[in-house]
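> Sequence lines, in order, name chains Y and P.
Under my numbering, residues 1 to 465 are what the first sequence spells out, in order.
Under my numbering, residues 466 to 943 are what the second sequence spells out, in order.
Hints listed in this document are in silico derivations from the structure and should not be mistaken for laboratory results.
Owing to the predicted nature of the structure, the values given are computational and were not obtained by experimental measurement.
It cannot be assumed that every hint is accurate.
Said to hold, decoys possible - Just some of the chain P residues that point at chain Y, by a computed CB distance under 10 Å: (1) 662; (2) 675; (3) 880; (4) 886.
To be verified - Output of the computed footprint for chain P on chain Y, the stretches with three or more beta carbons under 8 Å from beta carbons of chain P: (5) 323-333; (6) 341-351.
Glycine included, every Cβ here is placed at the ideal spot set by N, Cα and C.
Listed here are the chains, written in short residue letters.
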Amino acid sequence: MTSRRDLFRLAGVAGSALAGATVARSALAALPEPVIETSAETRPPLMPSAGRPYKPVVTLNGWTLPFRMRDGVKEFHLVAEPVVRELAPGFKANLWGYNGQSPGPTIEVVEGDKVRIFVTNRLPEITSVHWHGQRLPNGMDGVTGLNQPGIPSGKTYVYEFTARRPGTFMYHPHADEMVQMAMGMMGFWVTHPRNPHPLIDEVDRDFCFLLNSFDIDPGSFTPKIMTMLDFNIWAWNSRVYPAIDPLVVGYRDKVRIRVGNLTMTNHPIHLHGHEFLITGTDGGPTPKSTRFYEVTTDIAVGQMRQIEFLADEEGDWAFHCHKSHHTMNAMGHDVPTMIGVDQRDVAAKINRLIPDYMAMGEAGMEEMAEMEMPLPDNTIPMMTGYGPFGAVGMGGMFSAVKVRRGQKAHDYSDPGWFQHPAGTVAFEYDGTPPAAQRQPMKSTGSKTEQLVNVKRKPHSGGHHL
Amino acid sequence: MTRGCRHRMSGFRYRLAAGVVLLGLVGCQTVSVEEELTSLNRRMGPLPAALQASESASLAQDAQPRVAELLAAPLTQTGAVELVLIHSPAWQAMLSSGLASINEAQQAGRLSNPVFAYERMRSVDERELARMLSVGVLDILLWPQRRAQATALSEAARWQLADNAIKEITSVRNAWVSAVAAEQRLGYARDVLLSAEASAELARRMQAAGNFNRLAQIRQQLFESQARAELAAAEQERLARRESLIRHLGLDERQAAELRLPDTLPGLPAERITPERIAERVLTDRVDVALAEARFQAAARGEGLTRVTSLIDLEYTRRRDTVTQASGDVERISGGEWEIVLPIFDLGELRRGAASRRAIAAANDLQATLRAASSHLRESYAQYRNSLAVAELYLREVIPLRKQASEETLLRYNAMLIGVFELLADAREQRNLVMQSISAQEQFWLAEAGLQAAMLGQPVQGSVWRAGAATVSSEPGH
């Protein structure tokens, strides 16, 4: 006997099959062929094939969606669908995204472009796309129920508007929004200025990424969608350290980084070694009079910040969220502090019960970064990553801006670790008199400094390369 | 019956021949101890050692090397039963009193001996010698019936002995199972304490280092106290179970100290008792049914006898007197005397009523036993199957899953998702589950012994099924 409930369930199954496979080819005939990305690597900038020229952005661990011009309209095809995103090698997540990845591809247009976006829904439920921050007709704003009906499973809707305002935007669903965003549905949008703009400088490197967060129980694959605050995966473009690519720039390049926040909390984004200006927000370019130098900018929930700086210090400069728990991967917030607790003899006792037990935390947790222990499936360590001097012991929202002399204009490939000039790496003091070739200090040299006997001893921890 | 006091002295001549034949017939009924034990063995099914009644000291002496051999290695369940058979004084006492009951029952089938009286009287002028031989005539007339009743009674006594023997063997098997299980659980209770001690010690150091507040430290200390109390209970349980087994085996102090048990209960049997095997058992082969049947037979025959004996008794006395006068004349007088009890005051209806009701009661007992037999079997079999299913569930599923849970817990500890206290709580939880698993296996072996006994017809009184052991705690540490 089939109950009403079973019928509904069957209907649901049929619906998802429809969403997955049977978007009729005839319906798609007039659509641009959807482009599906299979990798989580940072793709090189996509030079515009038609329309007004612009200098494309580089999406960190992401890509730009190709378009086609038809009757003067830039046409894009976004496919909302379940995806498996590699958050880091050895750590994959069952997410929802667009065109094969989460986040979705970056859409780049030019101020004044007529834009048509086909949105095909291959999710098992309705969706919609809200073009966060855009000036557009109200009926194109994407809020299900308020501005449009939800896009049913298996259907394709069309959004059409003119990109009126140059700037940095985002897109994300406004249908079952909490779930769909917790599942990773979001993307970047850049509207380049049509003409040189007094408040928008030309830059050599233009990066963009979204801040996003997930709650994925270690050992599982799918985010817990009901989590409001206690996220354990803090990501940039659905990617975590050590798998976030470095931002590679040439020495003295003018660099712009656009960062949007679609997590549930604010993130103070901090750059080492340089000062930057905030040149734009979701509201557009900032007036020059409001700009001042900073090394950290706090990005609130749903906000966009566009920072610019001159990369005039060579090196591998850390670039991260300054909330130190956000530069960690999944961890237990109830793990007790073991600092100062001698565990050796008790550990021997515990080993009789749990042979593979290892005492941890007696002297802090740095040892965690160096230890490689078996973890639950599909889990990367809370603190991990190696640099030229050993364990970095980080995770989450952490990367590096690599400033190199001779990095070619369009070359975004990783140049490797920075080769420090002799005498420019912190070293261990061992009580011997200072060597004659010691680099002069930038400061005038206080009495104390002159009194300190130092000896160079770089790369003391370099055995972890 | 008050036959003894009714003999009267009278003189008579008699022929011995008839009496000798009679005595010969009665003598045939004597059964040797060996035959009785063989019969008992047959009634009980195969045993690990031959049944022996150690009525001589030498038999007990002979068993000593085997006893020492059995005690030298960890004692198996079969070994325990064998030890009881060859060594336990309580078992021998049970056996001997059973044999005594059989003898007593057989006694009822014997004819009362004829009474011979000799009287010598003297007066001034004469001397009288009187010789009398009296026999219970009714006794002799009813002898075939009485013998049949005695046979039924001794059969009942034999089945009663078998019943007691099965009961004793079942309880030694159970005592062995419980002693081994308690021993096994004790080891895990020690592990639980070890884990709780580690937690408590770390918590004390955490508090000393300023990382724990008093409440957090107390919580861990409470786990330790609880584990200590549980260990004490487990130790007492182990001791009580072991001593119970020692009493069953009848070990002396030195032997008790030597007694070693296996580390674990036997694995679950590959070959299962099937419902077909149970159905094969003929109802009348069952000890309880046979015992009720024998009792019914005895009661029925008793009723038949009482029908006659309650009304009449008949005794004949042959008398022969020799009177010697002072003159030397000898006068011989001989004659017979019949003695009949007259049913005037007591018509015997009460005795007949009692006998008839005993027969009815025995018939109903038999019916009840027959009807209960299959129900007992069903229950014992269900206990056997269900406890086997639960024990298997623990061994094949719960324990491997729990082990995996502990492995995952360790991985979570490695990943800094949980702390050492959770890890230790998990270790305790795992051990507790293993103890539950041991209890489930214990349940099975108790149910198995119960089913074996029930199949022989000695249904275990009350259920061995304990609901507690069937619950699987799913709390994966907290």
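> Could you check the structure against the hints above and give me the numbers of any it violates, in ascending order?
none
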